[in-house]
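*Asks:* Put together the whole structure using the sequences plus the hints.
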Amino acid sequence: MKRVFILILVLVSLTAPALAKEAKPVEDPQIEQRMQALTQQLRCLVCQNETLADSRADLAEDLRKEIREQMKAGKSDQEIIAFLTQRYGDFVLYKPPVKATTYLLWFGPFVLLLGGTLLLYRYLKHRREIIQDQPLTAAEHKRADELLRG
Amino acid sequence: MNRLLLLPLILFVVLAGFLLIGLFRDPHEIPSPLINRSAPDFQLPQLQQASATFSAKDMRGEVWLLNFWGTWCVACREEHPLLVQYAKTGVVPIYGVDYKDQRAAALQWLDEFGNPYTLTAFDVDGRISIDYGVYGAPESYLIDRNGVIRFKQIGPITEDVWQNKILPLVKELNQ
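Those protein sequences? They're chains C and R, same order as listed.
Quick note: the first sequence, position 61, residue 76 per this note's numbering, numbers continuous.
Quick note: the second sequence, position 94, residue 121 per this note's numbering, numbers continuous.
Rather than coming from a laboratory, the hints here were simulated on the basis of the structure.
Just to be clear, a hint being listed does not mean it is correct.
[Stated by the list, open to error] Cβ pair distances, simulated, as ranges:
(1) G123/C with R104/R: 20 to 28 Å
(2) Q70/R with R49/C: 40 to 48 Å
(3) A97/C with L32/R: 24 to 32 Å
(4) F45/R with K114/C: 18 to 26 Å
[To be verified] If the Cβ cut is set under 7 Å, some of the chain R residues that face chain C in the computed set are:
(5) G49
(6) I57
(7) G153
(8) Y162
(9) G182
Remember, it's a predicted structure, so these values are computed and weren't measured experimentally.
Backbone N, C-alpha and C fix where the C-beta goes; we use that ideal spot for every residue, glycine too.
*Replies:* Here it is in structure tokens:
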């Protein structure tokens, strides 16, 4: 058992240098953090359901590098987003900008909610009118009495 | 009251209509913001001659096709024979940007499969491909005499795209 344990230890220590190669040394943790935060909001164009931060596609790797370099050069987040949308369009943004072509996207749900509320209000009002209590006529009273008495 | 009951059905039909249209659209084809904008300028070493450069500005006054490719790109292999064939017709000069590639491998590829490019530029770190918004190689840009991008093909050029999109546009731009 002890031997197996030692063997495992040796094997693990052998793979360690290989693993160490994967993670690149972080040069500036502050920039790295900013880059991470920004790329979380950006879409990778190759694997479209992944963020630029998570994607392992080559292009995502290159773009992260590019963003890192631009941050080092003192560019603001806004400038970097402009750089990307100039090249890839609004598609890279997970949060689309509010403009004429996206009004429906942004305000559509509220229009639907308002429409639904109006419909519900009208329906309930209508319903109340239908089921309003109407006093029984004398003849109906008599019939009810007879039925109750059995 | 009856009309109100029809509403969910109408909403459903509208939604189904949108989804149906969505079925026939390729989600990988993202409209490029570069269409009808100036092609980003660049200066790159040539593939065959590392000491010589090629710049997009050199092409002012000509209608030309700029094709991004690499030996690592499987779809480029599919497109290549067509490009060779189209280059022979001489309708529009094809210029290549070999990006994120190795020079020797690229030269061998051109030797082996034929060279459709009037000239190939070599973009070793892919910096220029980022400026052009390339994300799915191969990608091709048709650029007019004033250096404005008029058409972009994402993925391999097919016979259909060549005949129905590129050729008519080249004719129009050359007039």
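*Asks:* Does each hint fit the structure? Answer for all of them.
*Replies:* Each hint, compared with the structure:
1. G123/C with R104/R: 20 to 28 Å: violated (44 Å)
2. Q70/R with R49/C: 40 to 48 Å: violated (31 Å)
3. A97/C with L32/R: 24 to 32 Å: violated (50 Å)
4. F45/R with K114/C: 18 to 26 Å: holds (21 Å)
5. G49: With a minimum Cβ separation of about 14 Å from chain C (threshold 7 Å), the hint on G49/R is violated.
6. I57: Hint holds; I57/R Cβ to chain C Cβ min 5 Å, cut 7 Å.
7. G153: holds (6 Å)
8. Y162: holds (4 Å)
9. G182: violated (12 Å)
Comparing the model with each earlier hint shows violations of hints 1, 2, 3, 5 and 9; every other hint is respected.
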